[in-house]
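Asker: As a plain string of letters, each chain reads:
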Amino acid sequence: MNAPAPALILDAVSKEFAQRRSLFGRPAAPVRAVDTVSFVVNPGETLGLVGESGCGKSTLARMILRMTRPTTGHVLVEGKRVDALLPSEVLAYRRQIQMIFQDPYASLNPRIRAGDLIGEPMAIHGLARGAELETRVADLAAQVGLSAAMLGRYPHEFSGGQRQRIAIARALAVSPRIIVADEPVSALDVSVRAQVLNLMADLQTSRGLSYVFISHDIGTVAYLSHRVAVMYLGAIVEIGPARDVLRRPRHPYTRLLLEAVPVAHPRLRVRRREVLPGEVPNGVGLGAGCRFAPRCPMAQERCRVEAPTPRAIDGTRLVACHFAEDTPDLPKGLAA
Amino acid sequence: MSTPIPIVADTVDRGTGIASPRRQLLRRMLRSRSLVIGGSIVLFVVLVALLAPIIAPFDPDHIGTGRRLAVPGGKFLLGTDEFGRDILSRVIFGARYTLYIGLVAVGIGLVFGVAIGAAAAYAGGWFGGLLMRVMDLLYTFPDVLIALGLVAFLGPNLTNAMIAVGLSAIPYYARVTYAVVLSERQKPYVDAAQVVGASHIRVVVRHLMPNVLPPMIVVASLGFSAAVLSAAALSFLGLGAQPPMPEWGLMLSTGRNYITRAPWLVVGPGVAIFVTVMAFNLFGDGVRDLLDPRQRQRTL
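Protein chains in written order, with the working numbering: chain A, 18 to 353; chain B, -16 to 283.
Among the hints, erroneous ones may be present.
Derived SDA-like pairs (lysine to any residue); straight-line CA-CA distance at most 20 Å [unchecked claim]: (1) B:170 / A:122; (2) B:170 / A:75; (3) B:170 / A:173; (4) A:97 / A:191; (5) B:170 / A:120; (6) A:97 / A:31; (7) B:170 / A:71; (8) B:170 / A:171; (9) B:170 / A:133; (10) B:170 / B:105; (11) B:170 / A:127; (12) A:97 / A:56; (13) B:170 / A:123; (14) B:170 / A:203; (15) B:170 / B:108; (16) B:170 / A:84; (17) B:58 / B:47; (18) B:170 / A:56; (19) B:170 / A:83.
Partner residues are not named here, just some residues of chain B that face chain A (Cβ under 7 Å, in silico) [to be verified]: (20) 171; (21) 172; (22) 186; (23) 188; (24) 190.
Taking CB as the label site, the calculated pair distances span [claimed, not checked]: (25) B:26 / A:35: 48 to 58 Å; (26) A:100 / B:9: 27 to 37 Å; (27) A:192 / B:30: 52 to 62 Å; (28) A:100 / B:12: 26 to 36 Å; (29) A:109 / B:26: 29 to 39 Å; (30) A:318 / B:183: 38 to 48 Å.
Hint data in this document are derived by calculation from the structure and do not stem from the laboratory. Even glycine gets a Cβ: it sits at the ideal position worked out from N, Cα and C.
Could you put together the complete structure from these sequences and hints?
Answerer: Given below as structure tokens:
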């Protein structure tokens, strides 16, 4: 295990949001949006982060990108604590890590031309200016599959896929080592999703990027990820190599997520699924037991009293479930 | 039965299959009656102001161009005033003062109002709250009252009146800007700019302002008419333009003394103020309707 130093480390990161108190009400318990999340991302690796909407994925991304501070715990980028950076270190940190946002319709300023959007990070970081800036912008545009002729246009003149390419070029402009992609394809037409995912994969190979790939769609996560972390209600319930987690899920929640993936083959559609019952609770006042117990088909008495701590299973992964070994395998043909 | 139904052919541009945004915009502009009427009158007033020396039949300040208090008609279309000056020429030159006052006052109000509103909305927290509460406090006083106080303090002349009117309008612009910035800063492109490393100043100036200022055009054109009215009111009260300036408010004020014997002294400048203010209001409403389709059916 002489691996290179991880590019990104999350060390027991939690985030609580205070709830607004009504005028005469008692102070409400804070919402635990992210609960003691720890993982590492190695150079050149993609960590897929899956979970239902509202499970804290985006809050986690915001903490990694220094948009909000963790309530407890630390985020370390290239060994430096993100919440303890000196003002003079912030720009250097931003050159290490960039983000691709979910909705390219909203994350690109509608009144700034594509070329200026791509060039802005380089201007801010003083990486290039004048004619050199222009050539580098054209260069980057070419790398993401945009022609230089398009750079004078405004975002609304592009299609969704093209806009996300602009966003990717903008993220790459400072040559970061890590990119956090928060649902980068969920706002796109299915037909262009694969193109954008392939582009991301190519860029990873050519630049040695690390990705934190956040998605609610286990299929797209499977496509790009080396390792997968499954989040439920702010906590990671299972994390391990993508192949293992997606083929032989050991946490009942992972299993239910995988079962919910639509199957293309008609003959395999017979007699499906225990669909996940209920909605994600809101994370206020979690009881003593396992957070997934109220919705878990395998829940037993112990689950309601004692919260499971993550433990190693099969040597490669961590699972937060008392009965991980008893989780039945997926029906044949369902593995992503 | 078999006649092909033209499918709204006139909104489709042959080349792309979609009407180009620019042509669509032009079409919508021409369809808006308030925009067309208001805009033409505004344009007319601007032309009159620019071309005043050419189109005015007489020197506006020359005493004794005609008889004192000559009845409108003949040589003097709008009659003459108590010094025998041609009222039409004075009204024409007055357009210059009016536009000048409007521009300066709106300029002052916009610059400070936008700065304060944007700072308050972007900073938020107690600082933004305090700033806006101060603005709310000032907003509760009528503009003219504040302007009156300022002029009393600065001294009565036209420049001070313009400054006073501009300053008194700051809370108005600040509040509108505050609201617009507050909604814009929630948008992901602001997060995106910060992630890329943009400083707060850069986020506000380069990212927010281009999205905040277009709606402010509406506010400014509505504010323009308010400023013209306030300035005219100050001049009427003797706190703005001083004789012998052909300023409309001042002309009303001096003409008032002769209102029973020679009502045309107040009709000229009065109608001029009315038409100009109405034109700017119509124009502002029209632009607002263009930018905000939800409110479209409300005016004209």
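Asker: Against each hint, give a clear statement of whether it holds in the structure.
Answerer: Each hint tested on the structure:
no.: 1; hint: B:170 / A:122; in the structure: holds, 10 Å
no.: 2; hint: B:170 / A:75; in the structure: holds, 15 Å
no.: 3; hint: B:170 / A:173; in the structure: holds, 16 Å
no.: 4; hint: A:97 / A:191; in the structure: holds, 18 Å
no.: 5; hint: B:170 / A:120; in the structure: holds, 11 Å
no.: 6; hint: A:97 / A:31; in the structure: holds, 18 Å
no.: 7; hint: B:170 / A:71; in the structure: holds, 19 Å
no.: 8; hint: B:170 / A:171; in the structure: holds, 17 Å
no.: 9; hint: B:170 / A:133; in the structure: holds, 19 Å
no.: 10; hint: B:170 / B:105; in the structure: holds, 12 Å
no.: 11; hint: B:170 / A:127; in the structure: holds, 11 Å
no.: 12; hint: A:97 / A:56; in the structure: holds, 15 Å
no.: 13; hint: B:170 / A:123; in the structure: holds, 7 Å
no.: 14; hint: B:170 / A:203; in the structure: holds, 18 Å
no.: 15; hint: B:170 / B:108; in the structure: holds, 18 Å
no.: 16; hint: B:170 / A:84; in the structure: holds, 14 Å
no.: 17; hint: B:58 / B:47; in the structure: holds, 13 Å
no.: 18; hint: B:170 / A:56; in the structure: violated, 29 Å
no.: 19; hint: B:170 / A:83; in the structure: holds, 17 Å
no.: 20; hint: 171; in the structure: holds, 4 Å
no.: 21; hint: 172; in the structure: holds, 4 Å
no.: 22; hint: 186; in the structure: violated, 10 Å
no.: 23; hint: 188; in the structure: violated, 12 Å
no.: 24; hint: 190; in the structure: holds, 5 Å
no.: 25; hint: B:26 / A:35: 48 to 58 Å; in the structure: holds, 55 Å
no.: 26; hint: A:100 / B:9: 27 to 37 Å; in the structure: violated, 52 Å
no.: 27; hint: A:192 / B:30: 52 to 62 Å; in the structure: holds, 56 Å
no.: 28; hint: A:100 / B:12: 26 to 36 Å; in the structure: violated, 51 Å
no.: 29; hint: A:109 / B:26: 29 to 39 Å; in the structure: violated, 54 Å
no.: 30; hint: A:318 / B:183: 38 to 48 Å; in the structure: violated, 54 Å
Violated hints, in rising order: 18, 22, 23, 26, 28, 29, 30; the structure is consistent with all others.
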